[in-house]
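Let the hints inform the model, and build the full structure from the sequences given.
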Amino acid sequence: MAAISVAEPPPPLLDVRGLSIALPDGADRPFAVDNLSFTLNPDEILCVVGESGSGKSMTAHAVMGLLPPSVRLAAGGLFFRDTNVLTQPEAKRRELRGGRIAMIFQEPMTALNPLMRVGEQVEESLRAHTPLDRAGRRARVQELFAQVGLPNPAELVRSYPFRLSGGQRQRVMIALALACEPDLLIADEPTTALDVTTQKQILDLIRRIQAERHMGVMFITHDFGVVAEIAHRVAVMQNGKMVEIGTAAEVLNRPRHPYTRQLIAAVPHTMGQRAAFARVGEPLLRAEGINKIFRVGGGLFRKAKEVVAGHEIALTIHAGETVGLVGESGSGKSTLGRSIVGLMKPDNGHIFFRGTDLMTLAPRDFRPFRREIQMVFQDPYASLNPRRTVGDIIAQGPVAFGESPSVARAKAEELLGLVGLDGNAAGRYPHEFSGGQRQRISIARALAMGPSLLIADEPVSALDVSVQAQVLGLLDDIRRRFNLSMLFITHDLRIASRVCDTIAVMRRGVIVETGPADRVFGDPRHAYTRALLDAIPGRGWHVPAELAQCPAELAQ
Amino acid sequence: MAGLARFFGGRLIKAVAILFAIVVMNFLLVHAAPGDPATVMAGEAGAGDAQFVAQLREQFGLDRPLVVQLGTYIGHVSTGDLGFSYRQQKPVWELLVQRLPATLVLTASAFALALVLGIGLGTLAAVHAGTLRDGAITVLALLAYATPIYWIGLMLILLFSVRLGWLPAFGYETVGAGLTGIAHLADIAKHMVLPVATLGLFYMAVYARLTRASIQEVRDMDFVKTARAKGLRESTVVFRHILRNAILPVITVAGVQAGQLIGGSILIETVFAWPGIGRLAFEAVLQRDYQVLLGIFFISSVMVIVFNIVTDLIYSLIDPRIDLAS
Amino acid sequence: MRSKTFWQAYARNKAARFGLVIMILVVVLGLFAGVLFPASPWDMVNAPFLPPLSDGALLGTDTLGRDIAAGIAYGARVSLLIGMTSTAVAVVVGVTLGALAGFFGGWVDDALMRFTELFQTIPNFVLTVVLVAIFTPSQRSIISAIAIVSWPPLARLARAEFMSLRSREFVQAAMTTGQSNMAIIFREILPNSLSPLIVSASLMVATAVLLESSLSFLGLGDPNAMSWGYMIGSARTVIRQAWWMSFFPGLAILLTVLALNLIGEGLNDALNPRLSRQGKA
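Residue numbers (the working numbering), protein chains in the order written: chain A, 1 to 556; chain B, 1 to 326; chain C, 1 to 281.
Simulated from the structure, these hints should not be mistaken for lab results.
One should not assume that every hint holds.
Chain B residues, not near chain C, derived (Cβ > 12 Å throughout) [said to hold, decoys possible]:
| id | residue |
| --- | --- |
| 1 | 14 |
| 2 | 32 |
| 3 | 67 |
| 4 | 146 |
| 5 | 151 |
| 6 | 178 |
| 7 | 183 |
| 8 | 261 |
| 9 | 293 |
| 10 | 299 |
Dumping the calculated EDC-like pairs for lysine to aspartate or glutamate here, alpha-carbon to alpha-carbon at most 20 Å [said to hold, decoys possible]:
| id | chain 1 | residue 1 | chain 2 | residue 2 |
| --- | --- | --- | --- | --- |
| 11 | B | 90 | B | 44 |
| 12 | A | 345 | C | 117 |
| 13 | B | 14 | C | 117 |
| 14 | A | 241 | A | 223 |
| 15 | C | 4 | C | 265 |
| 16 | B | 190 | B | 173 |
| 17 | A | 411 | A | 347 |
| 18 | A | 92 | A | 195 |
| 19 | B | 14 | C | 109 |
| 20 | A | 92 | A | 183 |
| 21 | A | 305 | A | 347 |
| 22 | B | 14 | C | 110 |
| 23 | C | 4 | C | 269 |
| 24 | A | 92 | B | 234 |
| 25 | A | 241 | A | 392 |
| 26 | C | 14 | B | 134 |
| 27 | A | 305 | A | 282 |
| 28 | B | 90 | B | 283 |
| 29 | A | 92 | A | 82 |
| 30 | C | 4 | A | 432 |
| 31 | A | 241 | A | 477 |
For every residue, glycine included, the Cβ atom is placed at its ideal position computed from N, Cα and C.
Written out as structure tokens, the structure is:
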């Protein structure tokens with residue numbers, strides 16, 4: 001605590017001293033945040049990095065005074081410009097909140113009141129903290145909207161949130177946060193829910209505004225790419241404790257703590273280092289001229305909005321090949337995968353699998369192909385029936401195809417071992433497993449059918465980075481071992497570069513570019529591919545060589 | 001305005017479809033009932049009058065094929081001919097028109113009272129969740145929810161009319177008082193207090209419970225956190241942000257339950273001798289006057305449809321996402 | 001293990017325990033009505049208009065000298081029997097229609113939902129009155145009429161559950177591993193949608209008890225069975241002279257319906273632990 005008196009201008013904007021936040025009884029650990037101390041200086045961006053449950057978000061909420069009622073401040077102080085805000089009366093804290101300290105949240109889709117015009121929502125903050133009159137507030141809101149790059153501010157202020165895209169809503173949130181010229185901006189994973197190109201724009205915006213206004217920014221993220229893009233200093237948190245803090249250059253390039261090293265090693269980084277795949281013979285799967293249009297809304301008296309999820313899609317997958325289908329949300333990348341496994345019917349087109357057009361098959365004739373084509377889903381918490389044992393879940397497929405339950409069960413246990421789980425996992429229920437383990441169970445379920453083609457639809461996007469790396473490693477291993485073909489659907493180019501032989505880039509239902517991964521990443525031909533690659537956060541940073549060499553598991 | 005017209009156009013078509021289905025249902029009921037359709041239509045009183053039955057048989061072509069009969073029936077209904085009550089010696093339509101205003105006044109007041117009080121109490125309970133006040137409101141709502149409304153009516157009569165003598169128990173106005181103008185209105189209002197309170201009480205309980213639950217759900221939503229992060233006063237957060245969003249499901253349910261409210265008026269009007277269609281229904285049940293009963297079924301369905309359109313309108317005023325104009 | 005945690009969660013709700021106790025008392029009263037009151041509840045056993053606590057008539061007698069306490073005991077049978085049976089019918093109809101609509105979607109859903117909407121728009125008490133009046137009051141017509149107006153909310157709930165579960169990834173996984181529709185419905189979806197269905201069914205019994213009592217209040221009850229609503233209905237005109245004749249049967253309805261509601265809420269807490277779950281770090 002004596003550090004304050006040392007003459008070292010400027011004094012910190014925010015000084016967190018020995019902060020502890022207690023979780024309710026029965027939680028998995030006693031403290032969400034455990035004896036946390038750090039400082040944030042004016043005019044700097046401090047990135048707080050950690051995986052889910054590390055307490056980084058809880059810390060941010062504590063600064064704002066927005067902790068959920070179930071947790072309790074147990075110890076410590078939060079000094080904002082030398083005043084301990086924790087001991088301040090609520091009225092004073094309210095003045096700080098939105099006035100001197102502002103916050104933006106992760107989910108722009110739900111962070112705005114759906115029933116209020118967006119301009120009005122920003123005005124509310126001005127009314128609470130400034131003496132501006134109505135006209136003055138209106139002018140200020142339009143000015144703010146222009147500053148955060150919202151198109152046509154004069155009109156947009158009168159829109160309701162549902163009319164705006166996710167990126168636009170996040171810009172509104174930023175305008176809202178900036179309304180009263182705060183000294184400290186807390187950004188809680190502000191780009192996590194956004195597409196990569198939008199993420200880039202928002203990161204640029206935050207960086208620009210921070211530089212212009214010399215604000216202090218506490219930026220919370222789980223993504224080291226984002227850290228590399230934006231941070232001046234970095235703090236790494238694990239299980240409520242800070243394990244490492246330093247300048248961005250230090251932490252990113254010379255991480256000292258084993259946990260930091262593990263996280264950085266798990267960052268997908270093998271850009272274009274994969275051996276070239278040689279396509280030989282007939283393709284296992286050939287899709288041609290797939291079209292799909294979704295009609296959203298609409299009714300007897302309203303015309304439905306049309307969303308093109310597929311326009312003349314063509315794609316081939318050879319035996320043993322992993323094809324990455326890359327695109328942003330709403331690009332229609334899942335449509336093809338779901339059509340191949342028969343969960344969706346395209347409007348027209350052909351999907352030839354070993355020469356048979358799956359699209360022409362009646363459900364009964366399609367059935368044999370179910371064994372051949374299997375799918376791994378995105379959300380490990382939604383993809384396993386909570387009321388059935390893991391063994392049942394894996395064995396159900398083979399049993400439906402006539403295998404005896406005891407044989408299927410024995411095979412299930414064997415497969416559990418193969419995906420790195422204990423054989424006795426078969427008798428347990430899904431809720432007893434972590435997200436990564438559940439995804440392993442999903443993979444085992446798919447393998448139980450003995451498929452030759454695996455559709456993996458964003459299989460790791462719901463997982464923490466370190467777990468991501470492990471599951472990707474498993475998929476790669478299995479693919480090689482069983483000579484599986486794989487359609488790997490992802491929004492994350494870094495991940496695609498790590499596991500795919502061939503890349504197809506999709507945008508608004510159209511595949512704009514296809515080619516060997518090396519070529520697509522090294523020499524992108526389509527402007528959109530270039531934009532996507534350019535938007536990958538942390539492009540200028542390379543994982544330190546010592547960590548890049550070894551797989552994530554060994555870096556621990 | 002074009003959007004509003006289209007909205008009403010859409011609702012009107014839906015309403016006509018529903019009414020058509022109800023007319024068909026009425027028709028089928030008459031035929032599915034035990035006994036000859038003509039005697040069913042004649043009712044208990046008219047069945048003895050052979051000439052009346054024969055006239056009905058001819059009028060509705062009851063010896064013709066069923067489809068033709070249905071056509072004839074729909075033809076009658078679409079010209080406002082809902083049949084003839086032998087017992088009352090009046091066309092059913094005339095009876096209904098005579099009784100409708102009283103029921104409309106009763107149900108509309110009860111509906112408004114229930115919504116306003118229900119949302120108010122529910123909000124109070126949610127804001128003070130876990131306190132004594134919340135507990136009291138919750139218990140009150142639970143009790144009102146579990147009590148048969150006709151019994152509440154009787155008990156209120158017992159208390160306020162029989163014991164305390166504060167309020168009249170029966171009827172619509174003081175018979176033979178010959179009041180006019182303001183005094184007449186005041187007299188009617190006095191007669192309305194107990195029936196409206198009784199009918200409203202149950203739905204007030206429903207809306208209070210719903211509002212409380214809805215507020216507790218909305219309270220945890222992200223945009224409420226945003227509102228707090230702006231440094232707004234708690235009262236602003238509650239009224240501008242939480243309550244407006246929390247009311248939406250309450251209004252949806254209120255619309256769906258409008259039908260039950262109108263059904264409930266049968267019981268209330270019976271208890272309080274309120275001269276509306278509910279009372280008429282009770283009389284028709286006693287007299288086995290089926291034409292009247294089916295007419296009431298029809299007219300109360302029309303009322304539900306009107307209530308539904310009103311709640312749709314209220315909803316669209318609050319929620320910008322329901323865009324009447326597109 | 002499951003049932004133990006279920007009871008623990010249920011018993012944590014004090015009001016739900018209270019509801020269960022009342023319910024058990026009502027059931028016992030109904031079951032042993034014949035033992036407690038050997039005479040028929042229709043028999044004139046005493047002088048008419050006896051107030052409560054009179055000799056031989058604990059809760060008094062009605063206008064015809066019938067024992068009110070006996071009527072309440074026999075009335076419990078009718079209320080529970082009709083409440084449960086009509087709910088059972090409504091559950092079967094509603095869940096089947098809702099499940100079909102939610103699972104198959106498309107035109108099946110459209111058609112079934114228009115049908116459901118129709119029944120939801122119809123003022124349901126008026127329809128019950130019309131149905132029972134036209135088909136003449138009997139146990140069967142009353143049960144059918146209550147079931148006919150009660151199924152739509154369950155259909156909507158089942159549809160919503162089936163729809164959301166159908167697009168859940170574990171159900172899609174079951175499809176891609178070649179499970180039949182029947183297996184998917186009964187093994188994957190139904191078990192996961194059971195909790196909300198059970199809760200609303202238990203609340204629906206309460207509504208059905210209220211509906212039955214309202215019907216018999218209007219004189220549309222089963223003419224062969226003494227019921228609470230009938231007792232209130234026939235005492236209505238003498239409320240000024242004899243409050244007890246309508247008071248006690250009403251109290252019986254209130255307690256029964258309250259108990260059923262409390263049980264429903266207890267089941268909700270025990271089966272849908274979403275609300276009680278604490279936020280994680």
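Going through the hints against the structure:
The claim that residue 14 of chain B lies off the interface is violated: its Cβ sits roughly 9 Å from the closest Cβ of chain C, which falls inside the 12 Å cut-off. With a least CB separation of 8 Å from chain C, residue 32 of chain B falls inside the 12 Å interface cut-off, contrary to its annotation. Distance check on residue 67 of chain B: its Cβ is at least 21 Å (rounded) from any Cβ of chain C, clearing the 12 Å threshold; non-interface status holds. With a minimum CB-CB distance of about 4 Å to chain C, residue 146 of chain B fails to clear the 12 Å threshold, and the non-interface call is violated.
Once the 12 Å rule is applied to beta carbons, residue 151 of chain B is inconsistent with being away from chain C; the minimum gap is 4 Å. Every CB of chain C lies more than 12 Å from the CB of residue 178 of chain B, the least distance being 26 Å, so the non-interface label holds. Against chain C, the non-interface label of residue 183 of chain B holds: every CB pair exceeds 12 Å, the least being about 27 Å. For residue 261 of chain B, the condition that its CB be more than 12 Å from all CB atoms of chain C is violated, with the nearest at approximately 8 Å.
Remark: the non-interface label on residue 293 of chain B conflicts with the geometry, its nearest Cβ contact in chain C lying 5 Å away (cut-off 12 Å). The claim that residue 299 of chain B lies off the interface is violated: its Cβ sits roughly 9 Å from the closest Cβ of chain C, which falls inside the 12 Å cut-off. Proposed proximity of residue 90 of chain B and residue 44 of chain B is supported: the alpha carbons are some 15 Å apart, at most 20 Å. Taking the CA atoms of residue 345 of chain A and residue 117 of chain C, the gap is about 29 Å. The hint is violated against a cut of 20 Å.
Between the alpha carbons of residue 14 of chain B and residue 117 of chain C the distance comes to roughly 11 Å, so the proposed pair stays at or under 20 Å and holds. Restraint check: the Cα-Cα separation between residue 241 of chain A and residue 223 of chain A comes to about 18 Å, which is no more than 20 Å; the hinted pair holds. Taking the CA atoms of residue 4 of chain C and residue 265 of chain C, the gap is about 18 Å. The hint holds against a cut of 20 Å. A C-alpha spacing of about 8 Å is found between residue 190 of chain B and residue 173 of chain B, which places the hinted pair at or below 20 Å, so the restraint holds.
Taking the CA atoms of residue 411 of chain A and residue 347 of chain A, the gap is about 38 Å. The hint is violated against a cut of 20 Å. In summary, the hint linking residue 92 of chain A to residue 195 of chain A is not supported, as the alpha carbons are separated by about 38 Å, beyond the 20 Å threshold. A threshold of 20 Å between alpha carbons decides the hint, and for residue 14 of chain B with residue 109 of chain C the separation of about 17 Å falls inside it, so the pair holds. Annotation: proposed proximity of residue 92 of chain A to residue 183 of chain A holds, straight-line Cα distance about 16 Å (limit 20 Å).
The hinted pair formed by residue 305 of chain A and residue 347 of chain A meets the criterion: a straight-line CA distance of about 16 Å does not exceed 20 Å. Taking the CA atoms of residue 14 of chain B and residue 110 of chain C, the gap is near 14 Å; set against the 20 Å cutoff, the hint holds. Between residue 4 of chain C and residue 269 of chain C, the direct Cα distance comes to roughly 14 Å. Compliance with the 20 Å bound is thereby established for this hinted pair. Taking the CA atoms of residue 92 of chain A and residue 234 of chain B, the gap is about 14 Å. The hint holds against a cut of 20 Å.
Of the pairs offered as hints, the one joining residue 241 of chain A and residue 392 of chain A is violated, with about 39 Å between alpha carbons and a cut-off of 20 Å exceeded. With a CA separation close to 16 Å, the supplied pair residue 14 of chain C and residue 134 of chain B stays within the 20 Å bound. In summary, the hint linking residue 305 of chain A to residue 282 of chain A is not supported, as the alpha carbons are separated by about 39 Å, beyond the 20 Å threshold. The straight-line distance between the Cα atoms of residue 90 of chain B and residue 283 of chain B is roughly 14 Å, inside the 20 Å bound, and the hint therefore holds.
Straight-line distance between C-alpha atoms of residue 92 of chain A and residue 82 of chain A comes to about 14 Å, which keeps the hinted pair within the 20 Å bound. For the given pair, residue 4 of chain C sits about 18 Å from residue 432 of chain A by alpha-carbon distance, which is consistent with the 20 Å threshold. Proximity of residue 241 of chain A to residue 477 of chain A is assessed by CA-CA distance (about 34 Å); at most 20 Å being required, the pair is judged violated.
Figure legend: structure checked against the earlier numbered hints; hints not met, in rising order: 1, 2, 4, 5, 8, 9, 10, 12, 17, 18, 25, 27, 31.
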